[in-house]
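S.K.: The listed protein sequences derive, respectively, from chains U and P.
Counted the way my numbering counts, the first sequence spans residues 1285 to 1506.
Counted the way my numbering counts, the second sequence spans residues 22 to 183.
Calculated from the structure, these hints are not laboratory results.
Heads up, a few of these hints could be off.
To be verified - Residues on chain P that point at chain U, a partial pick, calculated with CB under 7 Å: (1) N26; (2) L27; (3) G28; (4) N134.
C-beta atoms are modelled at their ideal positions from N, C-alpha and C, and glycine is treated no differently.
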Amino acid sequence: MQEQFTAHLAMKFTPEWSRQEKKEKITAVQEVVSIFDSYEDKVGLRGTYVVQGFQGHTDVMLWMFGDRFEDIQDLQLAIRRSTFGKYIETPHAFTGITKPFEFSEHPTSFAVGMVPRRYLCFYPFIRTPEYYLLPKWERKALIGDHGDIGHEFVPDILTNGVYGFGLGDYEWLLTFETNDLGRLVDCVRKLRESKSRLYMQDEHPFIVGRYFELEDGLSQYV
Amino acid sequence: MLIANLGRTRRKLLASLDGLSDEHLNKSPSNGRWSIGQIVCHVCNTEKGIVETVLDALPSTSGKVEERDVSLLIERYESNEAKTAPQAGFLTKAELIRLLEESRFKYLQSVFNKTHESSLAEKSMDHLLFGKISLKNLIDFIWLHEQYHIDHIEETKKSLPK
Chain U
1285 MQEQFTAHLA
1295 MKFTPEWSRQ
1305 EKKEKITAVQ
1315 EVVSIFDSYE
1325 DKVGLRGTYV
1335 VQGFQGHTDV
1345 MLWMFGDRFE
1355 DIQDLQLAIR
1365 RSTFGKYIET
1375 PHAFTGITKP
1385 FEFSEHPTSF
1395 AVGMVPRRYL
1405 CFYPFIRTPE
1415 YYLLPKWERK
1425 ALIGDHGDIG
1435 HEFVPDILTN
1445 GVYGFGLGDY
1455 EWLLTFETND
1465 LGRLVDCVRK
1475 LRESKSRLYM
1485 QDEHPFIVGR
1495 YFELEDGLSQ
1505 YV
Chain P
22 MLIANLGRTR
32 RKLLASLDGL
42 SDEHLNKSPS
52 NGRWSIGQIV
62 CHVCNTEKGI
72 VETVLDALPS
82 TSGKVEERDV
92 SLLIERYESN
102 EAKTAPQAGF
112 LTKAELIRLL
122 EESRFKYLQS
132 VFNKTHESSL
142 AEKSMDHLLF
152 GKISLKNLID
162 FIWLHEQYHI
172 DHIEETKKSL
182 PK
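Bound-form chain U, shown alone:
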């Protein structure tokens, strides 16, 4: 499996943003679009997700991926230096890497060429230390059971699991994509019955958002 870096960048507009003239806000958004255009061959943007109404800590989240972390970081720094960057805070930022899972390849949906869905549900998580000390066969059975539950919701729910070990506070970063929030609720509810939940230590924050193209998504706040 070809490894790629992923970045989920959660942004919140400062109160200063709403005090700016509409014209200046439009120019600032267009500057961000130009930055992404200049990284077109280096950094992919899976989507821009408007979080309004789901969580108060975040306004919009960008989901990026690329072969080199440097490119993703440089792009984010360019945003910070831009006019737009003056008016945002980043309450959360998560970097991950695509790798085969322990018991199967389990590629991300974007890696196998699935188109983005209307909604995203992202959360990072950590398993308990006890989980990693279980015998391999038991971990395999737990993950298999978890996967079987999730498979019931395919293709309504796309899954994207990446490694976060050492790149941040979390071990795993999981993104669901769906066109149907009702199915998402059913899926997450059903996954609560998986025995692997006994070994879940922390799984927050949840960030849920509606998919937009970049300019359209950022313009929702203009």
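Position chain P relative to chain U; hints supplied.
M.R.: Showing chain P alone in chain U's frame:
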């Protein structure tokens, strides 16, 4: 690289459908060739068929075989399997994309939910049409076959009314 190739090819296939109306997708070229919709259905059917073959072969204890040039197998497959047009009927673009997603995320993904790319290269089967072939090469066949039909779609697009 297997997954990257599968993803890259699928994105190209989806891009090749951009801007085409449902009528375009279902219009058969006058020379009796397939409509783009039929080509897409054929791509989906092939992906499902190959995946089922691989899933059947996964539990076997077959050994490793030499890597093959899979591109050479496509003509053989096409002349054998593609004699009759897929019975698609009129399908909208949304329905075709749904079929592509089903074959990709419900079928192909199930292979990668069971095993790794490296394990696929370690296993083989005696395929009726291809002979001895590794399971990895069979999955390679999916994206190379899809690539072949992207070219086919581009050709077909030239015959569509403006």
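S.K.: If a hint holds in the structure, say so; if it doesn't, say that too.
M.R.: Hint by hint, here is what the structure shows:
1. N26: Check failed: Cβ of N26(P) comes no nearer than 9 Å to chain U, outside 7 Å.
2. L27: L27(P) check passes; min Cβ-Cβ to chain U is 6 Å, inside 7 Å.
3. G28: With a closest approach of 4 Å, the G28(P) hint holds.
4. N134: Hint holds; N134(P) Cβ to chain U Cβ min 5 Å, cut 7 Å.
Hint compliance for this structure: hint 1 is the single one not met.
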